[in-house]
Amino acid sequence: MILSLNEVEALARKAARGAGLPWGVAEEAGMATRWLCAHGVDGAAALAALLRGDRAGPSGLDAGIKLADRAMTVLQQPHRIPDVTCPALVLPFAAAIARRGGGNVSVAIGPVTAVTDGTDLSLSGDIPDFADIAVMPGGELGSLCPRVGRAAPTGDVRNYLEDWARRTYAPATEESRRMGAGAGLTDND
Amino acid sequence: MTIARRPPEQVMRLSRLGSLHACRLSFMRQLTRRMAAENWQFARTEFDIDATGKGHAVYTATGPERSYSLVAFAHDLPDEKRSDRVIADAWDATFALFDGVPTKADITRLAKNVPRQEAGRISETELSLSRANRSVRLWEHVVDALADGRQPDASEIAQVGYLMRTTAVYGSGKFGAADREMIADRPEMQAPFQAEMLSVYLTRWFVRDLVEHIAHARGGAGAARLDPHIARRLGIGNSTGLGMAPFIINHPVLFNNWIMAREEAIARVRAVEHATSNEISQFHEIFRRANASVDDWRSEHPWQIEKLTALRADIARLRGYFATHEFTGTYPWDRLASWAEKHIAEDAQEWLLSLMLEPYARLVDDLGGCMADPLGPTTIDGAMPVGQVRALLKGSFEWALDLDWDAPENCARLWYVSEEKLEPRLGARFDEPLEPYEQPLAPARDAAAAYRELARFGADTPIAEFLEARPEFRHVIRRAQIAGFAPYAEIRDNTIGADVMPIDMLRAKLSFFGATHFDPRSDRWVRICMYAGAPYPDELTPGSADFWNYPEVAA
Numbered sequence: 001m002i003l004s005l006n007e008v009e010a011l012a013r014k015a016a017r018g019a020g021l022p023w024g025v026a027e028e029a030g031m032a033t034r035w036l037c038a039h040g041v042d043g044a045a046a047l048a049a050l051l052r053g054d055r056a057g058p059s060g061l062d063a064g065i066k067l068a069d070r071a072m073t074v075l076q077q078p079h080r081i082p083d084v085t086c087p088a089l090v091l092p093f094a095a096a097i098a099r100r101g102g103g104n105v106s107v108a109i110g111p112v113t114a115v116t117d118g119t120d121l122s123l124s125g126d127i128p129d130f131a132d133i134a135v136m137p138g139g140e141l142g143s144l145c146p147r148v149g150r151a152a153p154t155g156d157v158r159n160y161l162e163d164w165a166r167r168t169y170a171p172a173t174e175e176s177r178r179m180g181a182g183a184g185l186t187d188n189d
Numbered sequence: 001m002t003i004a005r006r007p008p009e010q011v012m013r014l015s016r017l018g019s020l021h022a023c024r025l026s027f028m029r030q031l032t033r034r035m036a037a038e039n040w041q042f043a044r045t046e047f048d049i050d051a052t053g054k055g056h057a058v059y060t061a062t063g064p065e066r067s068y069s070l071v072a073f074a075h076d077l078p079d080e081k082r083s084d085r086v087i088a089d090a091w092d093a094t095f096a097l098f099d100g101v102p103t104k105a106d107i108t109r110l111a112k113n114v115p116r117q118e119a120g121r122i123s124e125t126e127l128s129l130s131r132a133n134r135s136v137r138l139w140e141h142v143v144d145a146l147a148d149g150r151q152p153d154a155s156e157i158a159q160v161g162y163l164m165r166t167t168a169v170y171g172s173g174k175f176g177a178a179d180r181e182m183i184a185d186r187p188e189m190q191a192p193f194q195a196e197m198l199s200v201y202l203t204r205w206f207v208r209d210l211v212e213h214i215a216h217a218r219g220g221a222g223a224a225r226l227d228p229h230i231a232r233r234l235g236i237g238n239s240t241g242l243g244m245a246p247f248i249i250n251h252p253v254l255f256n257n258w259i260m261a262r263e264e265a266i267a268r269v270r271a272v273e274h275a276t277s278n279e280i281s282q283f284h285e286i287f288r289r290a291n292a293s294v295d296d297w298r299s300e301h302p303w304q305i306e307k308l309t310a311l312r313a314d315i316a317r318l319r320g321y322f323a324t325h326e327f328t329g330t331y332p333w334d335r336l337a338s339w340a341e342k343h344i345a346e347d348a349q350e351w352l353l354s355l356m357l358e359p360y361a362r363l364v365d366d367l368g369g370c371m372a373d374p375l376g377p378t379t380i381d382g383a384m385p386v387g388q389v390r391a392l393l394k395g396s397f398e399w400a401l402d403l404d405w406d407a408p409e410n411c412a413r414l415w416y417v418s419e420e421k422l423e424p425r426l427g428a429r430f431d432e433p434l435e436p437y438e439q440p441l442a443p444a445r446d447a448a449a450a451y452r453e454l455a456r457f458g459a460d461t462p463i464a465e466f467l468e469a470r471p472e473f474r475h476v477i478r479r480a481q482i483a484g485f486a487p488y489a490e491i492r493d494n495t496i497g498a499d500v501m502p503i504d505m506l507r508a509k510l511s512f513f514g515a516t517h518f519d520p521r522s523d524r525w526v527r528i529c530m531y532a533g534a535p536y537p538d539e540l541t542p543g544s545a546d547f548w549n550y551p552e553v554a555a
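Which chain is which? The protein sequence lines are A and B, in order. First residue of the first sequence: 1, per the UniProt record's numbering; consecutive thereafter. First residue of the second sequence: 1, per the UniProt record's numbering; consecutive thereafter.
Every clue listed holds true.
The calculated lysine to any residue pairs, modelled on SDA-like cross-linking and capped at a C-alpha distance of 25 angstroms, are:
#1 Lys81/B to Asp189/A
#2 Lys81/B to Ile49/B
#3 Lys174/B to Pro171/A
#4 Lys81/B to Pro171/A
#5 Lys307/B to Gly182/A
Source of the hints: derived by calculation from the structure; they are not laboratory data.
One chain only, chain A, in its complex shape (with noise of 0.2 angstroms):
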């Protein structure tokens, strides 16, 4: 199925907070999940393998919040993370810290490097599952990932995101459906 972005930035949020993530790191997952859609890069699959947590380490949005965080100091000197699960997540962060510094952010991702300006993104190869990160000013945009409006996750990570995302659901009752609302049932006046 093909969500609109304001959808694949909803399903994210809720999903990372149905996985028990705090209100606002859930939403920094959905907005990066967003953002690497919007750049044809699978954000949802990323966030999913993630929730997964098949593997140890930081996160590559723990990573990405913790440099977002101290952008100033990131737009001075290189900072190196190792063993990074699902590092995609970190680049809606170096673009935000390009934003902030005004030029680009480069990050290496193992072999492959990716360079924003905060708008736009390249990539030099398809980002590994695994890798050691280093988040740095400058470089070069190579060619740019095409901007998408879009965003096509496969079934499978769809469905396992919405699974995380139907916790924040509170079940169905007849006292919740006869109550919250607020206005009866039917209105036919």
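Following the hints, put chain B in place on chain A, whose structure we already have.
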């Protein structure tokens, strides 16, 4: 003399937000003014509806660069299915606003999806998805009268105000629709909710055609057409539950921009040193007409009856004061607003302030372009010192810092989303096992908790360190930083207290749409009217496009 905008601690109280009235910055009026000024063309290109009222129709609006089409599906809805709740699964009519002119294949695709609403899928060529239910009582009355060759009774029309009410108008990427950023750079879509407002405007036209069509099917050649003057009084209703309250909390920058635009408009008009005689007489004319609208405003809900009684008494007081107010003296509007703050209540104050803007298109209307949120998501500034974050929290929530947030009356409610069609609901924290599902819609409570925890960190410590140690406050810190540049971002009241009235938040949002005749059904549900008095597309001219929300009355 410059006049400062009113401070957030005055404006952002729930009781005042729940007393807002439409004004010339309202999104419906921005749309009708633009369409008239740009000489938009309108056409009904398909109307394929049978005698039982089933079928589809297409209405196209064409501006300088683009067309937009309402694709409408009419259904034969059994009475027992008619519900305005999100949990409904069938409606009297369903709609999509198509970006351009749909092909037959588009309509075939939409026919399979739009009638199912949330259970269907639309695509990036659709800008909104919506549905409407009949007012059973007025619909039957109007069909009966027209079929019989008569016009409907004016008092029946006034009692209800609309033939159909929308029960949701989804945009911005919902259910597969185009995301906001796909249309945000179009001049005609720059202001908020213009696609949704256009959809409703065209829906009103469709509903008039549909009621005449059904009456003709029933009454044959002797059936009457709806008198244009009566048709014009008919708006489109809207029936709204809790979804709008989370919206204004979850879009703090956007909501700030709406409030700030109106506050800036008020400040500009209050700073007018001398009003011209034209401006004064225009104000008096609008005052008379707005008064007629308040007279027509009906509700059966005790709270709203009480509110309306007070509003009418205050309007009478205001009218009495006009005899002595020197409109021709210096700063007449500032003096009038100051008098109002002392002598009449919030509802009437806000009503008056909205009216004061009316003669001043030249001062006010450019602010309509400042009401969107072009910034997008807000990145946290991790370098901000803890002391500054605490000051920001205190700035918005000083009143909340010492409140006993564990006291049952201060946290009696909680906001949640039901798995039943994801309907937003409000629960009783101590009576229902809902806390694991609570949505982050209590910014004041969370700010007070963060403020306390931040005291454990040095004032010069970068907030990044706090966030690393206490990630559960990340959403609070983001909001605090937003409030640093968006002074009207935060509601200065408790959104989970035992006495919270969610309809205050609903009314605040709806007033910016341009809604009138707020008619609460409970503390969390409200019906309103949109476009009542507006010219239909074939009547839309620069002369008719602006003041239609105030009924025409004899001088």
